[in-house]
Each structure stands twice: as structure tokens, then as C-alpha cells.
Amino acid sequence: MSDPEDDLVIRYKESGLQKDYEALVQRWLPSIQRFLRLQLGSDRDACEEVQQEVLVALVPNLAGFNGRSQFSTFLFRLVRNKAIDHQRRQMRYRKVHQPLEEEQLVPDRSEDPLDSLVQKESAERLFALILQLPLPDRELLYFREIEELGEKEVSVLTGRPLGTLKSRLHRIKKKLFLQMEEGGSV
Amino acid sequence: MKARSQPSAKTVETFWKEHQTALRQHWDRQAQGIGSPDLAQAFALGSAKPSGRHFFAPLLLIPGVAAALALALFTPALLRSWEPAVSDAFVVDQVFLSTSGHPGSDSEADSSRSAYLYSPILRTIDGGFSRWEDRAHLLNKLE
Numbered sequence: 043m044s045d046p047e048d049d050l051v052i053r054y055k056e057s058g059l060q061k062d063y064e065a066l067v068q069r070w071l072p073s074i075q076r077f078l079r080l081q082l083g084s085d086r087d088a089c090e091e092v093q094q095e096v097l098v099a100l101v102p103n104l105a106g107f108n109g110r111s112q113f114s115t116f117l118f119r120l121v122r123n124k125a126i127d128h129q130r131r132q133m134r135y136r137k138v139h140q141p142l143e144e145e146q147l148v149p150d151r152s153e154d155p156l157d158s159l160v161q162k163e164s165a166e167r168l169f170a171l172i173l174q175l176p177l178p179d180r181e182l183l184y185f186r187e188i189e190e191l192g193e194k195e196v197s198v199l200t201g202r203p204l205g206t207l208k209s210r211l212h213r214i215k216k217k218l219f220l221q222m223e224e225g226g227s228v
Numbered sequence: 006m007k008a009r010s011q012p013s014a015k016t017v018e019t020f021w022k023e024h025q026t027a028l029r030q031h032w033d034r035q036a037q038g039i040g041s042p043d044l045a046q047a048f049a050l051g052s053a054k055p056s057g058r059h060f061f062a063p064l065l066l067i068p069g070v071a072a073a074l075a076l077a078l079f080t081p082a083l084l085r086s087w088e089p090a091v092s093d094a095f096v097v098d099q100v101f102l103s104t105s106g107h108p109g110s111d112s113e114a115d116s117s118r119s120a121y122l123y124s125p126i127l128r129t130i131d132g133g134f135s136r137w138e139d140r141a142h143l144l145n146k147l148e
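Chains A and B are the protein sequences, given in the same order.
Numbering (our numbering) for the first sequence: 43 to 228.
Numbering (our numbering) for the second sequence: 6 to 148.
One or more hints might be untrue.
[To be verified] Think about it this way: if two alpha-carbon atoms lie no more than 30 Å apart in a straight line, the pair counts; the simulated BS3-like pairs of lysine-lysine are:
1. B:Lys54 <-> A:Lys61
2. B:Lys15 <-> A:Lys61
3. A:Lys55 <-> A:Lys216
4. A:Lys216 <-> A:Lys194
5. A:Lys194 <-> B:Lys15
6. A:Lys216 <-> B:Lys22
7. A:Lys162 <-> B:Lys15
8. A:Lys217 <-> B:Lys54
9. B:Lys54 <-> A:Lys215
10. B:Lys54 <-> A:Lys162
11. B:Lys15 <-> A:Lys217
12. A:Lys162 <-> B:Lys22
13. A:Lys194 <-> A:Lys215
14. A:Lys208 <-> B:Lys15
15. A:Lys217 <-> A:Lys162
16. B:Lys15 <-> A:Lys216
17. A:Lys55 <-> B:Lys22
18. A:Lys208 <-> B:Lys22
If you are wondering where the hints come from, they were derived from the structure by calculation, not from laboratory data.
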């Protein structure tokens with residue numbers, strides 16, 4: 043655990059106190075929520091349900107975390123597993139997936155005057171296109187470009203050989219670029 | 006049909022850099038739509054759960070070790086308790102083999118004799134001691 047951010051993990055593992063757990067969760071909550079949004083789409087209820095499941099499971103699972111992998115690797119795996127469990131449960135009941143075309147985006151209420159309307163629209167289109175990518179591609183793009191994880195860690199998380207990560211990532215970006223150039227078939 | 010020109014790697018990267026910040030901000034806003042978790046409840050529920058495999062793994066070994074110990078301790082005793090029956094059965098079997106064709110030999114019994122006689126468990130399950138006694142009686146008569 044050489045990463046200074048892992049100090050929060052060490053502190054919690056040593057104390058086992060709720061306040062240290064909360065500090066650790068608060069540090070990683072945005073990443074958990076971004077990743078859940080990627081995994082589960084716009085189903086806010088599902089995201090909130092799985093988020094709570096992840097945070098409950100985190101407590102006993104942390105006892106087994108020994109620092110041999112990055113904490114982020116451990117955490118994203120836990121989130122992904124809980125999201126998959128949820129989707130399986132949903133599949134059993136509904137037998138159908140909500141099509142991504144029905145994606146309901148959260149209205150953008152940003153008040154930042156520096157955000158131009160064009161940039162916002164482009165970002166919305168790009169985000170919607172990303173959600174249409176196959177899940178492994180979505181994850182790869184997310185881990186590298188949004189979370190900015192190291193190549194080795196992304197290789198572990200995605201199960202892709204280290205040597206193919208760059209080329210795959212470039213192909214995904216190129217595909218998104220071309221779709222955006224075409225006007226984004228959202 | 007004219008093939009679409011492929012963008013260079015530099016063009017793609019430039020495009021991505023231009024959009025990356027806005028995309029991140031948009032992604033964050035989307036994620037913030039997810040409500041805040043109840044951390045106190047999560048911690049309480051999580052603490053009530055056992056710590057997964059690290060807690061249970063040694064416990065799972067206990068039945069296995071107990072079964073192995075029981076097998077090691079009791080198997081010789083069980084074998085010793087069955088030993089006379091097995092050895093007697095072997096003698097009877099040899100007599101049957103040597104008297105094959107003798108009046109009273111039973112070809113059906115002969116065919117299943119080995120499996121039957123050498124298995125105390127089968128004999129017990131089958132209630133086969135009566136058959137065993139019949140054969141012992143026959144053996145006495147032959148002698």
C-alpha cells in the first residue's frame with residue numbers, strides 16, 4: 043500500500059471505527075457512483091440500491107483486503123460484482139433489459155458560466171454514445187480516461203493483456219470521434 | 006462507394022483532449038443524481054456480517070479433518086470386527102470353487118459369490134447372513 047490515498051484504508055483497518063470507515067467511503071464515493079452510472083445506466087433506484095449493498099459489503103470484505111492489489115482494483119471489482127448480481131436478479135424478474143435508447147439523462151443543472159452550451163451538448167452526446175458501447179469497452183475507457191488508473195491496474199480489472207490496452211483504447215476513441223463527427227447517432 | 010477517410014491518431018487524441026474535461030464534469034453530474042448513502046446503516050449492517058471467507062475458511066476445514074480422523078481411527082476397528090466373517094467367507098468361497106459341478110452347486114450364486122462374500126456391507130444390507138449360514142452348513146456337510 044504505497045499510495046498515500048491508501049492511508050485511509052490502513053487507518054480504518056487499524057481502528058475499525060465508523061468515522062474512519064465514513065472517511066474512506068467519502069473519498070471513494072464519487073468513483074463508486076460514476077462506475078455505478080456506467081454499469082447500471084440511468085436507473086437511479088438500482089444505482090442507489092447497489093450503492094448501499096456495496097457499502098455494506100465493504101465492511102466485512104475490507105477485513106480480507108491485504109493490500110496486495112490497489113484498493114481501487116479491490117473496490118471496482120466489488121462494485122462490478124454487486125452490479126452484476128443486481129442485473130441478474132432483475133433479469134430473473136423482468137427477463138428483458140431496459141434498452142439503452144431509453145436512457146433518461148439527468149438534466150444538467152450546472153451553473154458554471156464557463157461551460158459553453160456547445161461543450162455541454164457535446165459532452166452529453168459523447169456520454170450517451172459511451173453508454174452504447176459494449177460494457178468491456180465502456181469500462182476500459184472509464185478506467186483509463188475518467189478514473190485515470192494505471193495501465194497495469196486496468197489490465198487486471200478488465201482482463202485485457204497489457205499490450206493490447208493502448209490499441210483497443212485508441213480504437214474506442216476513434217469510433218466515438220467518428221460517431222460524433224457524423225452527428226452522434228444517439 | 007468512396008471509403009470514409011480515417012482520422013489520424015493525433016486528430017483523435019486532440020478531439021478527446023478537447024472533450025475530456027467537459028465529459029468528466031457531465032459524468033460527475035450524472036453520478037451525483039444517485040442519492041447519498043446511509044453510511045451509519047451500511048456500517049452497522051456490514052459490521053454484523055462475518056468477514057467472509059477469512060472467517061469461515063478455517064471452520065470449513067473442521068468437518069473435513071474430523072471425517073479424516075474418524076476414518077483413520079475407526080476403519081481398522083471395523084475391519085477387525087469383520088475379519089472373521091471375511092476370512093470364513095473366503096474359505097467357503099474356495100470350497101465352492103473346488104466343488105464346482107458338485108451336486109448342490111448353484112451357478113447363479115457362483116457368479117455373484119465373490120462380490121457378495123467379500124463384502125460384509127453387502128451381506129448386512131442384503132440380510133444375507135441366512136445365505137451365509139446355508140453355505141456354512143453345506144461346508145460342514147462337505148467336510
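Each hint, compared with the structure:
no. : hint                  : verdict
1   : B:Lys54 <-> A:Lys61   : 18 Å, holds
2   : B:Lys15 <-> A:Lys61   : 47 Å, violated
3   : A:Lys55 <-> A:Lys216  : 43 Å, violated
4   : A:Lys216 <-> A:Lys194 : 22 Å, holds
5   : A:Lys194 <-> B:Lys15  : 24 Å, holds
6   : A:Lys216 <-> B:Lys22  : 13 Å, holds
7   : A:Lys162 <-> B:Lys15  : 23 Å, holds
8   : A:Lys217 <-> B:Lys54  : 45 Å, violated
9   : B:Lys54 <-> A:Lys215  : 42 Å, violated
10  : B:Lys54 <-> A:Lys162  : 44 Å, violated
11  : B:Lys15 <-> A:Lys217  : 14 Å, holds
12  : A:Lys162 <-> B:Lys22  : 15 Å, holds
13  : A:Lys194 <-> A:Lys215 : 20 Å, holds
14  : A:Lys208 <-> B:Lys15  : 14 Å, holds
15  : A:Lys217 <-> A:Lys162 : 20 Å, holds
16  : B:Lys15 <-> A:Lys216  : 10 Å, holds
17  : A:Lys55 <-> B:Lys22   : 38 Å, violated
18  : A:Lys208 <-> B:Lys22  : 16 Å, holds
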